[in-house]
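Work the whole structure out from these sequences, hints included.
Residue numbers (the numbering used here), protein chains in the order written: chain A, 242 to 371; chain B, 169 to 535; chain C, 214 to 340.
Worth flagging that the hints you see were computed from the coordinates, not collected in a lab. Each hint should be verified, as a subset may be incorrect.
Below, in silico cross-link-like pairs of lysine to aspartate or glutamate (DMTMM-like), each with a Cα-Cα straight-line distance of 25 Å or less [claimed, not checked]:
id, chain 1, residue 1, chain 2, residue 2
1, A, LYS344, B, ASP198
2, C, LYS235, B, GLU316
3, B, LYS460, B, GLU221
4, C, LYS261, B, ASP225
5, A, LYS306, A, ASP338
6, A, LYS266, B, GLU421
Each chain, letter by letter, is given below.
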Amino acid sequence: MSERETQSLEEIGAGALLAEVDALKLDHWRLVQILCISSPGGNELDYSFGGGYAMRTLRLRTGPKDPVPSITHIYPAAFLYENEIRDLFGVRIERIDPDWEGKVYDVAATKPFSKVSVAATSSERPGEAR
Amino acid sequence: MSEHKLPSIGPTVIPFGPQHPVLPEPLHFDLVLEDEKVLDAVPQVGYIHRGLELLVDKRDYLDYVHVAERICGICSFMHGMGYCEAVESILGLAVPDRARWLRTFWCELERAHSHLLWLGLAADAFGFENLFMAAWRARELVIDVAEETAGGRVIFGSALVGGVSRDVGADTLARCAAALRPARDETLRLAEVMISEPTVRHRLEGVGKLGRDRAYELGAVGPMLRASGVDYDVRRRGYAAYGEIDFETVVEEGGDCMARALVRLGEIEQSFRIIEKVVGGIPEGPVSVPVKGMPPKGEAFVRLEQPRGEVLYFVRSNGTRNLERFRVRTPTFANIPAMVEAMRGADLADVPTIILTIDPCISCTER
Amino acid sequence: MARIALRNILTRPATRRYPYVKREPFAATRARLTIDFDSCILCGACQKHCPAAAIAVDRGAGLWRIDRLACVSCGACVRACPKKCLALSNERLGAVDAAPPGPAAVDASGRSEEHRRAAAAPEGSDA
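This is how it looks when you write it as structure tokens:
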């Protein structure tokens with residue numbers, strides 16, 4: 242069975258996140274990873290869960306300032322991912338437990354991985370392209 | 169008679185790391201102790217963050233494999249291979265059979281050398297330096313084979329989008345398989361020492377116990393999970409040539425450090441067996457297909473079984489020469505919560521053993 | 214005890230007696246980048262593909278320079294070169310030890326190695 246066949250991806254809204262994650266926890270899925278992709282218009286969070294060898298990914302699109310609820314009260318292991326995403330991408334994840342308050346990586350820039358543009362419309366990506 | 173009671177001062181917090189003789193890579197803990205027992209451990213990572221994921225903006229998607237390989241030294245080939253598999257999935261490229269088998273060969277070589285490295289470090293963590301030196305001496309035979317076939321002792325440099333970068337002749341493969349037999353014999357001898365020596369058993373048995381449900385809930389992967397009784401090995405998905413080779417996954421029920429040691433020792437032996445099967449059954453043919461031009465838009469999730477556990481790669485392409493996003497979720501990242509849980513209730517002297525029992529690779533964790 | 218001592222005296226050491234006995238490198242080892250500068254057309258493909266940004270090519274000045282300590286011996290340039298004039302040899306010379314033979318210039322630290330093409334002007338130019 243190829244990798245693609247064991248995976249599924251669905252887009253959800255921020256309001257549905259906790260309910261979906263709860264349902265997965267009750268069904269004994271484990272947390273595989275949380276991923277953030279930054280683009281000038283906003284951020285995209287992918288939550289991947291594994292059950293057996295299958296993998297389900299929930300995709301959440303957020304605007305630059307939208308708050309996202311933490312899932313650490315359902316999956317305690319999520320704290321590492323959420324702290325990292327908040328520090329590197331500036332996504333407003335709320336009520337992470339434990340909260341490392343910006344000290345995951347000791348980097349000189351705030352939100353170094355964020356590509357969200359300050360202007361409302363899309364703009365040049367920061368950093369030089371080769 | 170009145171007793172003088174010292175005022176209660178509560179638990180003590182002592183720092184562990186980032187510099188510590190047993191740590192292979194910098195990792196910090198604030199250990200909350202009551203007498204000698206650890207009540208809680210607060211991990212802190214971030215000492216070797218290099219921001220490698222951002223380099224996709226500056227490196228052509230075909231050249232980036234060399235950066236991906238250098239995320240970590242001990243898991244290097246599989247990082248390169250995982251990146252290549254993800255890009256090949258977007259390109260819709262089928263890698264030639266011989267390349268798939270050679271990738272399996274190098275994957276298992278990497279698993280063997282990584283576990284032997286772990287064996288040495290774990291023995292060093294509880295003070296058994298002779299076993300450390302003997303394990304690394306056996307490891308020299310394995311990485312000599314890597315250097316002869318791939319060109320690099322630790323960074324193999326042979327993963328390439330479209331296949332592998334160099335072919336290995338049949339006589340070289342046979343010679344390498346023969347050269348690995350003394351390594352296998354030595355590993356079995358060292359495994360015997362680990363399992364039967366009373367002092368080693370005293371240090372490992374019952375330490376850092378993690379139950380089956382708890383390990384699964386905390387997202388543990390790899391030997392950490394398999395030592396708690398969960399049979400989950402991503403190689404069963406059949407990537408590279410694993411679908412065509414018969415192998416066993418090593419599962420133990422104990423959930424303590426000794427069980428994890430047994431899982432890894434069993435995996436070294438399995439790796440040598442798989443290498444023999446690869447050498448015996450590898451098909452002829454080309455070892456790469458040419459890749460040119462821009463990648464199409466698309467994304468891919470790929471999972472592999474690194475020596476430390478399940479690793480996940482995500483690649484998204486926007487149609488230009490630079491990828492839009494590359495993400496690695498490494499097994500140590502997933503194992504850190506399980507390690508912290510295993511530390512609760514342990515003695516201070518067992519903390520190094522528990523840290524080494526997840527085989528931490530902090531360069532992978534922090535990229 | 215005496216038996217162990219006798220055995221230790223009579224057996225050879227387990228380690229190689231370096232520097233009297235050196236370890237021979239394997240043929241496939243990727244160590245040092247070498248260039249056949251006469252075939253080089255200064256196209257800059259090696260510079261474009263180097264993940265470590267170790268190579269600098271200046272077509273106008275006829276210059277090809279490598280930063281030896283930045284090079285990670287990955288082989289991307291070897292594959293990218295259209296004239297196949299780059300190769301990875303298996304010799305691990307120290308960056309500061311031995312200057313390569315030929316007209317290449319190596320700076321005082323041994324880190325930077327330059328090959329320069331004489332200009333095609335009639336009076337020639339100094340390298």
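Inset, instruction - Starting from the hint list further up, note which numbers the structure goes against and sort them upward. - result: none
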